[in-house]
Amino acid sequence: MSFDFVALAPEIILTVFLCAALVVDLFLPKERKGLVMPVAFIGVLLTLAAVLNLVGDNRETLAGMFVVDQFAVLFKAVFCVAALIVFAISHDYLKEDNIHQGEYYTLLLSSLLGMLTIASSRDLIPIFVSLELISVPAFVLAGLRKSDLRSNEAALKFFLFGVLSTAIMLYGMSLIYGVTGTTNLQAISAVLTAEPVLRSISVLSIFFIIVGFGFKISAFPFQWWVPDTYEGSPVPVAAFLSVASKTAGFVGLLQIMFIAFQPLADVWRPFLAIVAVLTMTFGNLVALQQRNIIRLLAYSSIAQAGYILLPLGVASATDVGLNKQAFSASILYLLIYTFMETGAFAAAIAFGRRGGGYLVENYSGAFAKAPGLAIAMTVFLFSLAGVPPFAGWAAKLFVFLSVIAGKSLVLAVFMALNAVIALYYYAAIVKRMFGDAPKESARMPVPALLGSAIAFAATVVVVVGVMPDLFAHVASISTLF
Amino acid sequence: MDWVREWGITLAVFLPVIGIVAMMLVPKEKESIHKFLALAASGAALGMGLLVLGVYQFGASGMQLQKSLSWIPSIGARYHVGLDGIALPLFVLSLLVTFLCMIYALWHLPEPGNPKLFLALCLLLETGMTGTFIALDLILFFVFWELVLVPMYFLIGIWGGPRREYAAIKFFLYTLFGSVFMLLGFLALYFQSDVPGVGHTFDILALQQQGVLGMSIGLANLIFGGLALGFAIKVPMWPFHTWLPDAHTEAPTIGSVLLAAVLLKMGTYGFLRIAIPILPESARTFAPVIGILAAIAIIYGALNCLAQTDLKRMIAFSSVGHMGFVMLAIATMTDVGFNAAVYGMVAHGVITGMLFFLAGSIHERYHTREIPELGGMALKLPILAGLLAFSSIASLGLPGLAGFWGEVFALLSAYSPLEGLNTDIFRTLMVAGGVGTVLTAGYFLWMLQRVNLGKVSDRWKDKTFADVHPIELAAWAPLLVLTLVLGLFPSLMFDVTNDSSVNLQRQVEVTGSDAVANR
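Chain order of the listed sequences is A and B. Under this note's numbering, read the first sequence as residues 1 to 481, first letter to last. Under this note's numbering, read the second sequence as residues 1001 to 1519, first letter to last.
In case anyone wonders, no lab produced these hints; they're calculated from the structure. Since this is a predicted model, take the numbers as computed values, not measurements. We put the beta carbon where it would ideally sit given N, CA and C, even for glycine. A few of these clues could be false.
Under the rule of at most 25 angstroms between Cα atoms (straight-line distance), these lysine-lysine pairs were calculated in the PhoX-like manner [as the list claims (entries may be wrong)]:
(1) A/K146 - A/K30
(2) A/K369 - B/K1028
(3) A/K369 - B/K1030
(4) A/K95 - A/K33
(5) B/K1455 - B/K1380
(6) A/K95 - A/K146
Computed, partial: chain B to chain A, Cβ under 10 angstroms [unchecked claim]:
(7) P1073
(8) I1158
(9) I1169
In silico contact screen, one side only, chain A against chain B (beta carbon under 7 angstroms); selected entries [claimed, not checked]:
(10) F400
(11) L401
(12) K431
With the rest of the complex left out, here is chain B:
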């Protein structure tokens, strides 16, 4: 298994590219071959991901399975990759969700078809997403981060709903706007760094060890601001969220699923991997601001959900709220908070991914997503309605299902934030978050009442809909199982993330003179 240790994560990232190359050799009329190739490529990547899980040492802390190759020597950028407890869950989640999307694609592809291009773009997206989670070099991180933009732009712009062009370009420009400032932050970090014997570096681990030595507080805050802007747009944090509802509403089902399940996590992951550990002092300075924005996002997202009539748009706004919980947990700068954040990311990926699948399948049958127009689905499509109820309840945070733990620990961590942060502010935010959970329960239950319960309206009375198709079920089963398993055995995740989270808190705590001693 040595080769898995050496090359496993690299292979998992680039196997989809090999799939794309294979697909390019097949004419586009052979649609079933393309579906098979895409499934095989993402399946192989997932298989490689599982092998990586096999060699990953769960007890050990720190970065594992590292690989560092020369890439752009003239500026010292390297192909440096590796995994730790924070990256691993997200890495596996990306591989799993893409694979499930490929299964779902067997059943349904949106207009105007063309599976060759659609699936190739999904595979390219997979490479970008998984690459972001393993990159340990700022330039490499940036390339993977940007690589995600292009395929998602096409997925929304070509296969999207009626306002797809507007949504696609809004998504693209918004994210690019953030990422150029993120890049400027990276470059500024590069020129501030000074590793003995190497000089300037883009290496994330080296920069983390270096800390803010030799940098003025003002500059550090400026750089943090640039990085935070890029990450915050991706998360998206209030008030940078306005691209999200449009992108989600217009995107095809698979695009929405990938967007919700993985893409949003790239932003929060950026905070955990880069912004906070490299600039801990600025992170502490900005923590209350991030916390307040997060709490606003929770309340604002929930209130918006109450006002939505489009099922998909409602789920999109619920993402704003859920990512608010994740950001609130991060803002506490404690190990409890970081654990909760990673947990919340994975849970949101699993549950909201599932919800978007369901919204897509409901739309496929009713040809509408207007909540008031649906109704009585429990009578018409009992299994689908049951799954919707299950996922919604998981999403609102019922104990025993995955959504619960991320939120409850986020609130818990806000009760006692890192020493030095203003406890009053964070406890107020905790209360606001608590109100948010009530509102969340409110809009989900209200939605269920209107969609699942009640009588079947005259409009649908005489129509017959096929209930859940076996392929749909195959694509969804892993998510449903994970929702339950993660809910019942939270330690499965916390055991993975805890060491890294504790490390991260230690990095944030260490300041000034301590940092010198640590070197």
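So that you can see chain A by itself, here it is in the shape it has in the complex:
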């Protein structure tokens, strides 16, 4: 078997730096453990460079299990950028919370490695291995605040649900292998097309796989672990889980559904449509009640998963053009979601540092105390709500477009109603920040790194909101069809 080292370069570089971070940590004195972060940061930067070097390439290696195409490159780049933002928001948080930094960055890098490989996987086995590589370090990350009971609870819940879902997914995968005799996504599709007899047995497998991914992307009714895990984990880990880990889940799901199970789209389409609508409705309705910003963001991220899932609810067994549109709508939403969600978490961390903690009521009068931060938070929240001219509106627009192209006016109406409900809780926070009288609290400066991460995310959200084609163009050429 031959190795294409160029195609594998990002993963190789990342692995080297992963080991380096672990080693550097060993030799650093306790008070200077923060120096692991630059190592990890540079590692991801170099990985990103290697990824960008692959733009426009089409490569295959490891017997077709590892593919580099536009889709893979796009998501590898997104994961790297998301990781860089998470590093930037982690640095000061870890120092102040006394979290083991060496382990933290090593685990994050391992999880990132899994994300890079899932983007390149076109086969059930690497998809499964990548998912495990993403999840297992994440279990530990969620529990890194060892002395905090909630963090332990977060890790345990995450672990139990995660393992259960993986087992169910693996069962589904083994069923489909038994039915079709292959793990390659294209080959599965070909077999299912050629032999319609096998389809009825495959339905069960599809169902199990959807359930497994449902946990990863926090779709209803598999979302119960999300709020507790996000709240208990260190906040940067929550950001990482809600963005990178969820996106990775979607990357796997989108590939399996649109490539392997495309011939059976008529079977799973209504199922996913219902799941999507329930997910967004549940997320939004429960978010209305939340008083803790992290829990609120957790429920809002559940609702967002519903929006991202919705285009799958119009997928077609025959109409490739429609699938392409639905696929790129989901991708565009994921891209934009990455920036607005990490931004919102970063801003929440900055507010938390200002002595306010994570209660929504502490956001009262934030504009008077920290105008820049309050404006950035407003940008992220309104973007999540889908108010122009912030990027989230374009994400919703493209989802609407694909849903209406699929002639599912009912789904569009459900999403429209959800957009209205969601705005209520986002706007309530914004109103609090700008309108209410500030509470007394000590002012703490925002560390430069955290501040620049927030500024970067906010800039992206505004610029893409005004010129949506910057992302929309990329999304539409990165489909797998």
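Go by the hints and put chain B onto chain A.
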């Protein structure tokens, strides 16, 4: 002047944004600098608007000063803007009223102050409002339309009265509810369109030419319903008006003025620019319904006004009635009706904007707006009382002042609606509208009697109030002059709007086989 033709309207829309950027660079303690910057930015925008008036060819019909740039190529949405006789008056009105609000802000800003944020939001509002009136692309229209929501939400929610939170969120959710269905309608239109060589399009002009070709009547009606819901909430038409009294009552003076003078017109403009010309057949189908709702709004608004004790709330309900006249005129689908509608919009903007200014200034002096508690204002504040009398009489539609022409032509157009519409229904509506004008006169005169006339009550006897301040007068003078000039020379407006209105009627008349021939 070529650059004005190319970029004039775009600059007028985005100059306020430049003002915001400049204001962001100045610390918020320097309040007078912020007031100056906001005044300068809106003044520059207004100046640009006047230059646009200079290059606009009044004799020519059709869309002018068009500019079309690539914006979101993957879905074919473009930055396509332009003006015609229907948009031009509203465009200039928005620029003028915002500028006057900035002047007024020199004199008074509501609690809790913070002119930097307040004025920046007003400028953002200006960009949204003016942008809505020039947009010729559905997505662009939607973005500007939504852009208005956020600043107005803040203006009400932060600087509003005691129930501001309730009013702000009610305004926001109500309008957003409408606008998401409007957006769904836009997207459905997009997928129904098929321009040769382009495919699907969001371009409003292209969609207008395309008409309802290839669309089933049922779908067209459904889309019209979605669009109409979004627009009707903004107007607001009865029974979607319930957000308006709360928003107006709680909003700060400047917010109320902008809301009444410009924001409401976005809804009626949406009917004229998008819903009716793109879906003329459905428009004809729905016309009687719109007409009946409009007539209900006229009567209902007037009756509510009679029952109000809060001056501002009364003016808010009078807006429901006046917008009812505008919608009645639109429902007739005739050129006379469309002319009357645009006239009514501008007149309502000028007069009701003025009334809200006055209500704010009265509140500033008396610290109450309860009509029964005021009284004898003519003795205490003769100039202010005189202005209130003048504006109220203009609002009730006295001939010779601006309010008259919009209403009389609305009623006139209802006498002979477009061929094919039920004449009996519309003539009945005309009578209802006529009754409405009587009620309107009734509540305004009754209000004047209680506020201006009578004796000064003991409560105010020993207080001294300063009469109209020069800055107030500067902010109001253009509106007062316009009220008179538009009333005396209605042709000033009708000359601008007539060609476009005739065009619009032609579009509504053309159906089925004719449309094919026209292409």
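Here's how the hints hold up against the structure:
1. A/K146 - A/K30: holds, 17 angstroms
2. A/K369 - B/K1028: holds, 12 angstroms
3. A/K369 - B/K1030: The hint holds at about 17 angstroms.
4. A/K95 - A/K33: With Cα atoms ~9 angstroms apart, A/K95 and A/K33 stay inside 25 angstroms; holds.
5. B/K1455 - B/K1380: The hint holds at about 10 angstroms.
6. A/K95 - A/K146: holds, 15 angstroms
7. P1073: holds, 6 angstroms
8. I1158: holds, 4 angstroms
9. I1169: holds, 7 angstroms
10. F400: A/F400 check passes; min Cβ-Cβ to chain B is 6 angstroms, inside 7 angstroms.
11. L401: holds, 6 angstroms
12. K431: holds, 5 angstroms
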